[in-house]
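Student: Given next are the chains, with one letter for each unit.
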Amino acid sequence: MSISRMIKVQIISLHCHRENVVNELQETGLIEIENLKDSSYGAEHGVSPLRVKDDNTIKNLSETEHSLKFLSKFRKKSLSEFFVPKKVNLSEKRFRQIISKFPVDEVICNCDQVESSLRETTLEEEKLLKDKSELLLWKDLDMQLDELGATGKTDFAIGSVPRERFDELSKKVRETASETFLKEVTGTKTDKYFVLIYLREYDEKISPLLRESGFTHTPLPAFPGKPGDALKKIDERLAKIELKKKELEEKGEGLSRENGEAIMVVSDYLSRINLRCEAQNLMLGTNEAFILTGWMREEDFPALRKRLSHKFAEVALAKIKPKKGESPPIALKNKKSFAPFEMITKLYGLPHHQEFDPTPFLAPFFFVFFGLCLSDVGYGVALMVLSLLGMKKINAGRQLFQLFLITGASSVIAGALLGGWLGIEVASLPHFLQRLMLFNPMETPIVFLYLSLALGTIQIIFGTTIKLLQGTKNKEWCGALFSEGAWLVIFAGILLLMLGEILIGASATVVGKWMAISGALIYIFLRGLRQEEKLKSIALGPLLLLNGLKDLLGNVLSYSRLMALGIATAVIAMTVNIIAALALEAIPLIGWAISWAIMILILIGGHIFNLAISTLGAFIHTTRLQFVEFFPYFFVGGGRAFKPFQVKDKFTIIEERR
Amino acid sequence: MEVGLGLAIIGIALAVGLAGAGSALGIGYAASAANGVISEDPSKFGSLFILVALPGTQGIYGFLVGVMVMMQLGLIGGGEMVAISVGTGWQILGACLPVGIAGLASGAHQGRVSAAGAAVVAKQPEDFFKAVIMSAMVETYAVLGLLVSILLIFAIQL
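Residue numbers (UniProt numbering), protein chains in the order written: chain A, 1 to 658; chain B, 1 to 158.
Looking at chain B on its own, in the form it has when it is part of the complex (with noise of 0.2 Å):
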C-alpha cells in the first residue's frame, strides 16, 4: 500500500518539479533580457510583462496536474485518504509525467522565445504580440501534455 502511495507522490514530485523548473529557466531567460529593455525604456514594463509571464504557464500546469492528483488521492481537500496498490501507483506515476517532461523542455525554450521577443518589443513596440504568439507556438507542446495528463489522471480508476 504504502509503495503505491510513494510512487503516486512520486508522481506529483515530478509534475511539479519538471514543469516548474522548466518555467523557472524560461522566466528566467526572458525576465533578463527584459531587464535589458526596461533599463533602456521603462514605458514598456507592460508589454514585457506579459512575455516573460508566458513561459509560467508550464509551472502552473504541473501545479495543477499535482493538485489533481492530491484531490484524487484524497491528500487534501478533506476526503478520506484512498489506499492504493503498487500498480495504480505506477500508473499514477506514468500520468504526471508527460506534463513534467513537456513542461521543462517547452518552458525553457518559450524562455528562449520570449527573450527574443523582448528585442521586437524594444524595436518594434506594435508588432509585440507578434512576439507573443511566437512565444504561445512553443506553448503547445506543455498544453498537450497537460492535456494528455488531464485525461489519463481521470482514467486511472482508484
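Isolated chain A, as found in the complex (with noise of 0.2 Å):
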C-alpha cells in the first residue's frame, strides 16, 4: 500500500569510469549496493572481487578528525549542540570551494603543534606544581639544600615526629649530645618536620631516641639554593608557563575560529571518498569492466537510467530478476500529512515485503491518543513553536519536529474541548472559553476513562478489521470472516450487551447476547472444522477464545493511560500555579518586587518542567499503544530497511540536499 515497490538492477561498465559512476551513484542516493563479494555471483560467472584500497584516504581522515576533534575543545558551544551535534550549513558549490582551496596539511601540522606544545607545556607544570608542595614544606628553612648532608664529622636528619613527641624528643636529644643542631621547621596538623644535624659519634644514642618517637625520614626536595629560592624560581617559571598556556590556547582558539568549519567541511569530504572506496569493494570486475547490483524504487529507475547514459557513453542499467528466496528491501512512502508517522512505524520495525504499511492507519490514533495524553492549549501551543524553532535551528530530527509539530495541534485542539489552559482552574476561565469545553476532567474524570476506553475499543476493533480485510484481500475468505470475523460479531454483541439497553433499549441487549454466542460458535466450530487437527482444534477453541476476551480485556483498559496521563498534565499545571500563588503570600514578608519575580520565574520553570516530562510520557505511551495493543492485531514487522548508498555527512548540511 505504502510501501514502494523495489527491483534489482544491476550495472555493468568500464573500469575507467568506475570511479565517476560510483560518484554519481552517490550523489544520487537512490541505489542500494549489494554485497557481491559474499555471494556466489563471482563463481557462477568467473569474475573476482575488486580491491580498491586508499589507505590516505582513511590516514587523513583520522588526522583530520582528530584536529577536530582538539579544535572543538577551543570553540564556544551553544546550548543547543549540548544535546545535538553541531553542523555546518553551506552550498554544494563552497562545499567544492573549501575542498579545493583550503592548506588541510598545514592546518593540521599547526594543531598538532600547538596540541604537542600545550601537552609538554601541561606536563611540566604539572611537576612544577608536585615540586612546589614538596618544596613549602621546607619553605622557612634558611639552609641550601643542596649543602645540606652528612659529613666527615657531622650526620643529619630530616623528616617529622608526631606534634605531641616533638619537645620531649628535642629535651632528650640535647640531653644526650651537647653539640647538636636542632631546628624546626614547619608543622602539620598532627606532625612536626625537623632538621637535626649532630656529630657522628653520638649515632648510636640518636638513632634509638628518633626510632622512639616514631620518627618519619622525608627525602629533601633537590634543588639547589635556599628552599625560599627555589620557590621563588617555580613561581616565576609557573608564571611564564601561564603565559604560555594562554598563548597557546590563544591559538587555539584562532585556529578553530579560521579552519573549524573547513576542517569539518574537510573531513565530510574524505569520509565521502572512503566510503565510495568501501562501496566498491562490494563490487566484481574483470579486468577491463565492473559490476555490481542492487536495489532500487522502481519509479527512480527511469531518472538514474536517464542520469547516467547522459554522463557516460559505456554504462549498461537493467533491472534484473531477484533470486528465489530474496526479500527486497523496505522504503515507505507515504503522503504528506503522514509521513511524520513513519517515524513511529519504524521504531517498531518495518513491515516485511509481503505486508503494507501500518503508517496511515496509526497516524489519525496517535494524533488523537497525543493530544489527550497532554490535552492543555497552553502546552500544545509551546510545542508547536518549539518544533517550529527546532526545525529551523537544528538540523537533525526533522520528522520528529514534524510529528511535534501535528500532535502539538493535537494538545490544542484536546485542551480546548478539556478546558486544559495551563492549569487555571475552569471557574476562572473566560466564558467562551468554558464553553467549548465537553466536560471537565477534573469534575467528571469518569467521563474522561470511558472516553479512554472507547478509544481504545475502536482501535482494537479497527485492527481487527484490518486483518479481515487483509484476509479476504488474499482471498483467504473463510480463515478470515470465521476468526476475525466471528471476533468482531462477538465484539459488537458484547458492545451491545453492555450499552444496548442504555442506548437502545432492553431488546438490544438479548440481541446483543445472541450475537456474542453466534459469534463464539462460528469462532469455535467453522474456524476449527478449518483447521488440520479438527477434533483438536475444536476442543482447544473455547480456550482460545477466552484467552482472546482476556487480552481483549487488558488491552481495552490499557487505554485508560490516555486519562490518567491527561488528568496528570493538568493536576501538575495546577500545581504550580498553586505553588507560584503562595509566593504572593510572602508579600509582607520580602516585598511584593521580589514575590512577583519568585512567582513568575517558578511559573516559568514549573510549566517547562511540566511541558517536558508530560510531552515524554505522552509521546511514549502513545507509542506504545500502537505497538503493544495495536499492532498485534494485523500487523507483524519485520522487514530489512532500504539503505542507499548515499552521501552521509557528519559534520556540514548541504543547502541543495535539504
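Keep in mind that the hints were calculated from the coordinates and are not lab data. Some hints here could point you the wrong way.
[Said to hold, decoys possible] Cut-off 20 Å, straight-line C-alpha distance, at most; resulting in silico cross-link-like pairs (SDA-like, lysine to any residue):
no., chain 1, residue 1, chain 2, residue 2
1, B, LYS130, A, LYS650
2, A, LYS76, B, ALA122
3, A, LYS650, B, ALA122
4, A, LYS86, B, ASP41
5, A, LYS648, B, GLN124
6, A, LYS246, A, ALA262
7, B, LYS123, B, ASP41
8, A, LYS77, B, SER39
9, A, LYS324, B, GLU2
10, A, LYS643, B, GLU126
[To be verified] Far from chain B, some chain A residues (derived; all Cβ distances over 12 Å):
no., residue
11, LEU182
12, LEU417
13, PHE462
14, LEU616
[What the hints assert, rightly or not] Facing chain B, according to a computed beta carbon distance under 7 Å, are these residues of chain A, among others:
no., residue
15, LEU231
16, LYS346
17, LEU347
18, ILE567
19, THR575
20, ILE578
21, ALA580
22, ALA583
Since this is a predicted model, take the numbers as computed values, not measurements. Backbone N, C-alpha and C define an ideal beta-carbon position, used for all residues, glycine too.
Hints in hand, dock the two standalone chains.
Tutor: And the structure:
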C-alpha cells in the first residue's frame, strides 16, 4: 500500500568510468549496493572481487578527525549543541571551493604543534606544581639545600615526628649530645618537621631516640639553594608557563575560529571518498569491466538510467530478476501529512515485503491519543512553537519536529475541549472558553475514563477489521471470516450487551447476547473445522476464545492511561500555579517586587518542566499503545530497511540536499 | 477529627515518599550506567538524558497524588481546611497507597531497564528509542496505580 515497489538492478561498465559512476551513484543516493563479494555470483560468472584500497584517505581522515576534535575544545558551544552536535550549513559550490583551496595539511600540522606544545606545557606545569608542594614544607628552612648532608664528622636527620612527641624528643636530644643543631622547620596538624645535625659519634644514642619518637624520614627536594629561593624560581617559571598556556590557547582558539568549519568540510569530503572505496569493494570485475547489483525504487529507475546514460557512454543499467527467496528492502512512502508518523512505524520495525505499511492506520489514533495525554492549549502551542524553532535551528530530527508540530496542534484541540489552559481552574476561565469545553475532567474524571476506553475499543476493532480485510484481499475468505469476522461479531455483541440498554432499549441486550454467542460458536466450530486437526482445534477453541477475551479486556483497559496522563498534565500544571501563588503570600515579608519575581520564575520553570515530562510521557505511552495494543491485531513487521548508498555527511549540511 | 487528618497526611506522605523513593532508586541505577557511557562518548548525552529521566515519573505521580489530596483537604490553595472523620482519613490513606506502592517497585525496576538501555545507546545508538519503549513497559503499572489513586480520591466524599 504505502511501501515503495523495489526492483533489483545491475550496472556494468568499464573500469575507466568506475570512480565516476560510483561518485554519481553516491550523489544521487538511489541505489542500495549489494555485497557481491560474499555471494556465489563471482564463481558462477567468472568474475573476481575488486580490491580498492586507499590507505592515504583513511590516514588523512583520521588525522582530520583528530584535529577536529582538538579544535572543538576551543569553540564556544551553544546550548543546543549540548543535545545535538553542531553542523555547518553551506552550498555544494562552497563545499567544493573549500576542498580545493583549504590548506588542510598545513592546518593539521599547526594543530598538532599547538596540541603537543600544550601537552608539554601542561606536563611541565604539573611537575612544577608537585615540586612546589614538596618545597612548601621546607620554605622556612634557611639553609642551602644542596649543602645539607652528612660530612666527615657530622650526620643529619630530616623528617617528622608526631606533634606531641617533639618537645620530649628535643629535650632528650639536647641531654644526650651537647653539640647538636635541632631546628623545627614547619608543622602540619599532626606532625612537626625538623632538621637535626649531630656529631657522628652520638649516632648510636640518637638513632634509637628518633626511632622511639616515631620519626619518619622525609627526602629533601633536590634543588640548589635555599628552599625560599627555589620556590621563588618555581613561581616565576609557573607564571611564564601560565602565559605560554594562555598564548597557546589563544592560538588554538584562533585556529578553531579560522579553520574549524573548513576542517569539518574536509572531514566529510574524505569520508565520502572512503565510503566510495568501501562501495567499490562490494563489486566484482574482470580486467576491463566491473559489475554491481543492488536494489532501488522502481519509480527512480528511469531518472537514474537517463542520468547515467547522459554522463557515460559505456554504462549499462538494467533490471534483473531477484533470486528465489530473496526479499527486497523496505522503503516507506506516505502522503505528506502521514509521513512524520513513519517514524513510529520505523521504531517498531518495518513491515516485511508482503505486508503493508501501518503508518496511515496508526496516524489518526496517534494524533488523538497524544492530544488527550497532553490536553493543554498552552503546552500544545509551546510544542508547536518549539518544533518550528527546532526545524529552523537544528539540522537533525526533522521528522520528529514535524510530528511534534502535528501532535502539538492535537493537544491544542484536546486542551480546548477538555478545559486545559495551563492549569488555570475552569471556573476562572473566560466564559467563551468554558463553552468550548465538552466536560471537565477534574469534576467528572469518569467520563474521561470512558472516553479513553471507548477510543481503545475503536482502535482494537479497527485493527481486527484491517486483519479481516487483509484476509479477504488475499482470498482467504473463510479463514478471515471465521476468525477475525467472528471476533468482530463477538465485539459487537458484547458492546450491545453492555451499552444496548442505555442507548437503544432492553431488546438490544438480547440481540447482543445472541450475537456474542453466535460469534463464539462460529469461532469455535467453523474455524475449528478448517484446521488440520479438526477435533483438537474445536476442543481448544473455547480456551483460545477465553484467552482472546482476556487479552481484549487487558488491552482495552490499557487505554485508561490516556486519562491518567491527561489528568496528570492538568494537575501538575495546577500545582505549579498554586505553588507560584504561594509566593504572593510572602509580600509582607520580602516586598512585592521580589514576590512577583519569584512567582514568575516558578511559573516559567514549573510549566517548562511539566511540558517536558508530559510531552515525553504522552509520546512514549501513545507509541506504546500502537505497538503493544494495536499492532498485534494485524501487523507483524520484520522488514529490512532500504539503505541506499549515499552521501553521509557528519558535520556539514549541503543546502541543496535539505 | 485530628486523627482523621493525621491519617490523611500519612497517606500523602506514603504517596509522595514511596513513589519518590522508587524514582530515586531508579534514576540512581540509570544515571550511573549513563555516566559510564558518557565517559566514553559525551555526545550521547541527549539520548541518555531521556533514559535517565524516565524512572523519574513515578516520583511525579506520587507528588501529584499528594498535592491532589492536599488540595481536596484545603491544606494548600487558600481554601478552608476541611474537617474529616477518622473513617475518611483511612479512606484517603488507602487511596494513596496504589501510587505509592506501584511507584516504589516500578520506579526501581524501570531504572534497571533504563540502565540496560544505556548499553543500547552505547552500542546501537539508532535503536535508542526501542530501549525507551522497553523502559516504558515497566511504567505502565505506575500509571495504573496513579489512575486508581486519582479515581479513588475523586470518589471519596468529604
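Student: Evaluate each hint against the coordinates.
Tutor: Evaluation of the provided hints:
At most 20 Å may separate the alpha-carbon atoms for a hinted pair to count; LYS130/B and LYS650/A exceed this at roughly 23 Å. Taking the CA atoms of LYS76/A and ALA122/B, the gap is near 26 Å; set against the 20 Å cutoff, the hint is violated. Taking the CA atoms of LYS650/A and ALA122/B, the gap is about 18 Å. The hint holds against a cut of 20 Å. This hinted pair checks out: LYS86/A and ASP41/B have alpha carbons roughly 15 Å apart, not beyond 20 Å.
A distance of roughly 18 Å separates the Cα atoms of LYS648/A and GLN124/B; the hinted pair therefore holds under the 20 Å criterion. For the given pair, LYS246/A sits about 24 Å from ALA262/A by alpha-carbon distance, which is inconsistent with the 20 Å threshold. Of the supplied pair hints, the one linking LYS123/B and ASP41/B holds, its CA atoms being roughly 11 Å apart against a limit of 20 Å. Restraint check for LYS77/A and SER39/B: satisfied, since their Cα atoms lie roughly 19 Å apart, inside the 20 Å limit.
Annotation: proposed proximity of LYS324/A to GLU2/B is violated, straight-line Cα distance about 80 Å (limit 20 Å). Proximity of LYS643/A to GLU126/B is assessed by CA-CA distance (about 14 Å); at most 20 Å being required, the pair is judged to hold. With a least CB separation of 51 Å from chain B, LEU182/A remains clear of the 12 Å interface cut-off, as annotated. Every Cβ of chain B is farther than 12 Å from the Cβ of LEU417/A; the closest lies at roughly 20 Å, confirming the non-interface assignment.
The Cβ of PHE462/A lies farther than 12 Å from every Cβ of chain B, with a closest approach of about 21 Å, so its non-interface assignment holds. Annotated as non-interface, LEU616/A brings its C-beta within 12 Å of a C-beta of chain B; the closest such distance is 7 Å. Taken as an interface hint, LEU231/A does not check out: its beta carbon lies about 37 Å from the nearest beta carbon of chain B, beyond 7 Å. Because the beta carbon of LYS346/A sits about 9 Å from the nearest beta carbon in chain B, more than 7 Å, this interface hint is broken.
Taking 7 Å as the C-beta contact cut-off toward chain B, the hint placing LEU347/A at the interface holds, the least distance being around 5 Å. Because the closest C-beta pair between ILE567/A and chain B is about 6 Å apart, less than 7 Å, the hint holds. This hint holds: THR575/A has a C-beta 5 Å from the nearest C-beta of chain B, less than the 7 Å allowed. Taking 7 Å as the C-beta contact cut-off toward chain B, the hint placing ILE578/A at the interface holds, the least distance being around 5 Å.
Interface hint at ALA580/A: violated, since its Cβ lies 12 Å from the closest Cβ of chain B, which is beyond the 7 Å cut-off. The interface hint given for ALA583/A is violated, since its Cβ lies 13 Å from the closest Cβ of chain B, which is over the 7 Å cut-off.
The earlier numbered hints that this structure contradicts are 1, 2, 6, 9, 14, 15, 16, 21, 22.
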